[in-house]
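If you read the protein sequences in the order shown, they are chains A and B.
Residue 6 in this note's numbering sits at position 6 of the first sequence, and the numbers go up by one each step.
Residue 55 in this note's numbering sits at position 55 of the second sequence, and the numbers go up by one each step.
Incorrect hints may have been included.
Unchecked claim - To give a feel for the contact side, a few chain B residues facing chain A, derived at Cβ under 8 Å: (1) A88; (2) L99; (3) Q102.
Derived by calculation from the structure, the hints in this document are not laboratory data.
Being a predicted model, the structure only gives us computed values, none of them experimental.
Positions of the beta carbon are idealized from the N, C-alpha and C atoms, including for glycine.
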Amino acid sequence: MNKFRQNIYTICFAVILGLTCATLLTAAAEFTRPKQTENKKAEEIKNILAALKVPFDAHGGPGELIAIFERDVIEQTLGQEDSLTLYVYQPEGSERPVAVAVRFVGPGLWGPIKGFLALEPDYQTIRGVTFYEQEETPGLGGEIVTDDFRSRFESKHIANEQGRWGIDIVPGSGEHAGINEIAGISGATMTCDKVEEMINAVIETLAEKRETDGQ
Amino acid sequence: MANKNTCMTCGGSQGLCGGKGIATLKDGIWTSNPLAIQVLGICSALAVTNKLSNSLVMGVALMFVCVGSNLFVSLLRNHIPHRIRMIAEVAIIATFVILFDQFLKAYYWEMSKQLGPYVGLIITNCIVMGRAEAFALQNAPLVSMVDGLANGIGYGVALAIIGFVRELFGSGQVVLFGMTIDLGSWYTPNQLMILAPGAFFVFGVLIAAFNVLKGSDPEEDKK
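Start from the sequences, fold in the hints, and give me the full structure.
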């Protein structure tokens, strides 16, 4: 009988402890949820703005970023099925779009890589690239997030001289004179290949959609 | 100090911590430093120490979790059924870890992004569980909190030392609170220090340094 009572006590203890912890955590999650979703959204917006080269204060709060985004960036969808979202940068008071960005996603070496590719209004020249949500090897593949690497994309074309769509990340610091050739990171060839692949995928989708849309 | 067991909070020899406050504090930070002496919880120590700021936040996180879980395990120590004590401890630890993680995600987004999964992994950190099992289950709440604090500081300081050395030689400069220590342009950053092997080298030297500074171990001498 004593053993039975002991078991009941153990079960009751476990249930009460479990419930207490769960309640506490639910309360904490609920309490911080608005802040957290805002942070996540601001993170994404920050990357879009950085790719589009929209001037913004890097130390500004999430609210500020969201305000700039809503004022200057228009979201457009391209194509009917599996539509592609375009982020068009059109500063207040300006008649024409200044830049346009698309999201790209793909597998990296260790985990998924997501980022934004921004193009000039000619849909030919790269304006900027940003990466977020990457888990590449710090110091090697992780270098893709550095300004140094990202700036190598700027003013390169998304098609080669013959008009074939796609960029080419060339390993090493050798010759990369082609209009669509970008110098890779030594020691991170795998990451570079995967980045090239995912960016080219989005370039092709974009070209295809624009053709069918007849723009 | 006449009596080495004098309690810091009250000055009495049998104070709030039962006279064990200072000794417990010293134990956690120095004599049995969780990282350098007990070599516990090194998984996270190797992973997050490529930057000093990351190391410090990780140290604070572990301190918070250790103090909180030690307090509650100690408060419940006479009520936790023996057979499920480990599960109960983990539940308490997990609660504190997730609380801290949520807090970081809401108010220190950048830091939370850099630490990634390692804050969540404090749940499985041997130090926290070890202190709950080895100390909080046998001791009163207040001294258990001191123990948690001491181990958190011990872990944090060791982490900060590793983080400082790795960031300095790995990136050529250390950035903290907007202040920068720069090695100058003559130094070529050594990427090895940022990668895992760098952590092993620094960690090994740290253990050696602790052992030298601490002097010979009386336990070892007896053998």
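Comparing the hints with the structure gives:
1. A distance limit of 8 Å between C-beta atoms decides the matter here; for B:A88 the minimum to chain A is near 6 Å, and the interface restraint holds.
2. Taking 8 Å as the C-beta contact cut-off toward chain A, the hint placing B:L99 at the interface holds, the least distance being around 5 Å.
3. For B:Q102, the interface hint holds, since its Cβ comes within 8 Å of a Cβ in chain A; the closest pair sits about 5 Å apart.
Violated hints are absent here; each numbered hint is respected by the structure.
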